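Asks: Can you make the complete structure from the sequences, with help from the hints?
2 protein chains.
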Amino acid sequence: MLAEIITIGDEILIGQVVDTNSAFLAAELNKVGIRVGQITSISDQRNPILTALDEAAKRAGLVVITGGLGPTSDDITKQTLADYFHTKLALKKEVLDHIRNLLAARGVEVNDRNIRQAELPESCRLLHNASGTAQGMWFEKKGTVFISLPGVPYEMESIMKDYALPQIKEFFHLPPLRHITVLTHGLAESAMAMKIEPWEKALPASVRLAYLPSPGILRLRLSCFDPERKNGPELVTEELAKLRRLISEYIFGYDNDTIEEVTGRLLREKKRTLAVAESCTGGKIASLITSVPGCSDYFLGSVTAYSNTSKCAILGVNQASIQSHGAVSQAVVEEMARGARERFGADISIATTGIAGPSGGSVDKPVGTTWIAVATDHIVRSEKFILGEHRGRNISKAAVAALFMLRKELMRIP
Amino acid sequence: MLAEIITIGDEILIGQVVDTNSAFLAAELNKVGIRVGQITSISDQRNPILTALDEAAKRAGLVVITGGLGPTSDDITKQTLADYFHTKLALKKEVLDHIRNLLAARGVEVNDRNIRQAELPESCRLLHNASGTAQGMWFEKKGTVFISLPGVPYEMESIMKDYALPQIKEFFHLPPLRHITVLTHGLAESAMAMKIEPWEKALPASVRLAYLPSPGILRLRLSCFDPERKNGPELVTEELAKLRRLISEYIFGYDNDTIEEVTGRLLREKKRTLAVAESCTGGKIASLITSVPGCSDYFLGSVTAYSNTSKCAILGVNQASIQSHGAVSQAVVEEMARGARERFGADISIATTGIAGPSGGSVDKPVGTTWIAVATDHIVRSEKFILGEHRGRNISKAAVAALFMLRKELMRIP
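Protein chains in written order, with the working numbering: chain P, 1 to 414; chain V, 1 to 414.
Keep in mind the hints are simulated off the structure, nothing from the lab.
This one's a predicted model, so the numbers in the text were calculated from it and none came from an experiment.
Treat the hints with care, since some could be wrong.
Claimed, not checked - As a list, the in silico DSSO-like pairs of lysine-lysine whose alpha-carbon atoms are at most 27 Å apart: (1) Lys142/P to Lys161/P; (2) Lys201/V to Lys88/P; (3) Lys142/V to Lys88/V; (4) Lys201/P to Lys88/V; (5) Lys141/P to Lys92/P; (6) Lys93/V to Lys161/V; (7) Lys384/V to Lys408/V; (8) Lys88/P to Lys141/P; (9) Lys58/P to Lys58/V.
To be verified - Non-contacting residues of chain V with respect to chain P, defined by C-beta distances greater than 12 Å in every case (computed): (10) Lys92; (11) Val95; (12) Leu235; (13) Arg245; (14) Arg265.
Glycine residues also receive a C-beta, built at the ideal position from the N, C-alpha and C atoms.
Replies: Take a look at the structure:
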């Protein structure tokens with residue numbers, strides 16, 4: 001079973017918006033055993049839309065279209081869909097009622113453009129948009145199913161999960177399929193490849209391996225794509241077991257795990273509370289930790305001490321340490337970690353100080369120089385990292401490195 | 001002049017990676033006057049690659065390909081490109097030397113896989129990758145230029161900026177073209193559409209308008225796409241002037257401006273320093289502010305006070321205020337703002353407290369309830385927001401709302 005995704009909108013083609021919708025749709029389709037063969041982004045104009053629909057239908061049994069359904073006039077998708085499916089737009093009373101109720105609840109007046117959103121192709125089956133005014137639509141043509149969804153991510157996501165996917169599962173009979181992703185830290189891509197080469201070469205033909213590197217993390221994805229094999233899931237599980245034996249010391253999670261979730265689970269399991277002191281990471285570590293629901297069980301808080309004065313006043317760093325060693329130094333990062341732990345009354349703390357760039361570097365301490373520390377009730381450990389020259393990447397890398405140092409320390413707790 | 005982008009890699013088709021490379025490439029190509037007609041993501045397999053190259057070449061004068069050039073064995077792009085351009089892979093000595101030097105500097109040993117990265121299609125012109133081992137390649141076939149770049153974002157970006165774009169500019173003769181994006185806050189999409197309808201209807205045919213909504217921000221993009229018109233840039237400028245007269249009170253920036261950069265510029269202009277106290281936003285505001293290079297000129301720091309104890313101990317919030325009004329209340333958010341201002345010795349401060357969700361809500365204070373305050377030396381203002389149910393979106397919306405409250409306060413300073 002093969003699907004294609006079509007994303008409509010100039011904002012993607014001029015690079016103003018990153019297409020996150022396709023990643024969501026592809027992940028959801030893969031979960032139910034539908035492989036995505038192609039993702040195509042096109043302009044919100046009639047001819048590119050018609051051509052893309054035709055081309056996708058030639059290759060795929062399911063075509064999911066996003067974008068082009070908003071209340072404003074750059075949106076011509078609905079009329080083009082009506083033409084493509086040889087039907088016409090008609091006002092749907094239940095949709096108009098829904099739009100009125102929705103806007104009334106927000107205290108917004110219904111205008112002409114909102115009313116026009118209740119005009120939909122006559123032949124489509126509606127996919128209800130509980131949180132927005134643009135409805136999802138289901139069409140069938142020559143054995144191919146077409147689903148059109150609005151481009152606003154959370155509206156698209158709820159329609160897909162609540163209405164489209166259940167109907168897709170019912171409509172298609174899907175073969176077993178499995179992906180599993182192993183998350184590793186501590187080996188670069190080519191070193192990992194050398195380490196697992198004999199195992200990789202012996203993989204059955206229907207199992208594929210992919211390397212997905214990102215800053216500080218290397219993900220290995222195993223998948224069984226062969227729609228004819230009935231034992232795809234078992235094959236992947238067997239190969240996973242072999243892989244785990246080869247590289248267990250580098251594995252920190254699976255599939256959609258993140259390092260912030262993994263450390264959060266460890267903190268909860270080990271019954272430890274956490275405080276953070278950040279300089280160069282500027283709130284990024286706290287932001288990652290608090291992206292995890294329920295983090296208030298173990299996270300007490302953080303201080304972003306961007307000025308030297310605040311390092312001393314709020315975290316209790318010694319003025320003399322900054323004067324003798326500089327703000328980016330082992331002495332200061334260790335005092336920051338100790339200070340955060342004490343101030344918040346936490347069991348464990350992490351701290352960062354570094355030169356994120358682009359300016360602020362020197363010969364002795366070039367841009368990218370970063371100190372990270374972890375403190376518990378009986379020890380403070382610190383480590384120096386030489387990261388790169390790109391501010392955003394340095395911040396991300398330092399935040400991830402700090403979370404891995406925290407994980408290592410938590411793993412030591414029996 | 002029309003280009004297409006082809007992204008190669010299963011990681012995109014299974015939704016594990018969001019395709020940010022295409023947005024970067026599209027933005028860069030648009031800047032030099034090249035319109036992107038289509039973006040296609042395909043699997044790293046021979047046939048889909050060959051088909052996509054053929055299809056794109058039918059429509060476009062320039063095809064930019066990313067991905068599939070890493071050192072590991074899921075990468076078959078290079079061999080497929082060699083076949084497509086009727087050439088063969090050969091070891092390039094200068095590339096091998098570069099790889100050796102690069103890895104030596106990192107203290108990594110050169111392995112067989114690294115050496116194979118120096119094998120490149122004989123007929124291609126190299127586009128140097130200063131920071132990585134996978135080289136960029138330039139091919140020409142039947143009047144179409146093909147550029148192949150590695151998928152690692154920062155490597156791809158430097159090759160594109162330093163080597164590919166200069167050669168593209170030289171190779172093609174490009175017509176004038178202009179995009180301008182107006183950033184607004186305070187009017188929803190359909191209300192904005194009503195407000196500017198007469199102006200929009202009178203736009204010249206070659207000027208297009210698009211609405212790009214995101215949480216708390218509505219961007220209006222004006223563009224002139226007509227390659228034959230020589231006065232595209234002037235037309236867009238004229239229409240922009242008219243639009244500004246209609247909606248000046250809602251405009252806070254242009255093009256790639258962000259609210260964190262805009263508030264940063266205001267703080268620098270007005271010579272004010274900033275401190276932040278965060279609860280529900282969990283470090284997100286600090287993280288946005290410190291993403292701007294040079295922010296240490298005006299940003300002193302922040303406290304993420306996730307526990308009630310830390311709200312009192314570190315920010316000086318009154319225990320009694322929390323007991324009588326709850327942590328999510330006007331009294332507490334105002335005390336947090338005052339506390340942050342005093343603790344950091346800042347001129348101005350912002351604070352947030354709210355229920356980000358998914359749990360923690362009640363009948364009186366449902367998930368999404370958020371208080372935001374701004375404090376100066378003579379006033380504290382606070383506002384209540386009812387956001388949504390989605391944790392990540394609530395955090396983003398509250399952070400953006402706080403920055404807009406800060407901007408409003410800064411605009412009051414003469």
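Asks: Beyond 12 Å from every Cβ of chain P: is that where the Cβ of Arg245/V lies?
Replies: Given that every Cβ of chain P is farther than 12 Å from that of Arg245/V, nearest at about 20 Å, it holds.
Asks: Between Lys142/P and Lys161/P, does the CA-CA distance stay at or below 27 Å?
Replies: Distance ~25 Å between Lys142/P and Lys161/P Cα, so the pair holds.
Asks: Is the nearest Cβ of chain P still more than 12 Å from the Cβ of Leu235/V?
Replies: Given a closest Cβ separation of 17 Å, the condition holds.
Asks: Tell me if the straight-line CA distance from Lys384/V to Lys408/V falls inside 27 Å.
Replies: 16 Å, holds
Asks: Are the Cα atoms of Lys142/V and Lys88/V separated by 27 Å or less?
Replies: OK: Lys142/V and Lys88/V at ~19 Å, within 27 Å.
Asks: Is Lys58/P close enough to Lys58/V, meaning Cα to Cα at most 27 Å?
Replies: 18 Å, holds
Asks: Taken at face value, is the distance from the CA of Lys88/P to the CA of Lys201/V at most 27 Å?
Replies: Given pair Lys201/V, Lys88/P holds - Cα atoms ~24 Å apart, limit 27 Å.
Asks: Would you check whether the claim that Lys92/V is not at the interface survives, using Cβ distances to chain P and the 12 Å cut-off?
Replies: 18 Å, holds
Asks: Over 12 Å from every CB of chain P: does Arg265/V meet that, or does the non-interface label fail?
Replies: 17 Å, holds
Asks: For a C-alpha distance cap of 27 Å, please report whether Lys201/P and Lys88/V respect it.
Replies: 25 Å, holds
Asks: Please work out if Lys141/P and Lys92/P have their alpha carbons no farther apart than 27 Å.
Replies: 22 Å, holds
Asks: Does Lys161/V sit within 27 Å of Lys93/V, going by the straight-line distance between their CA atoms?
Replies: 24 Å, holds
In summary, the structure agrees with every hint in the numbered list given earlier.
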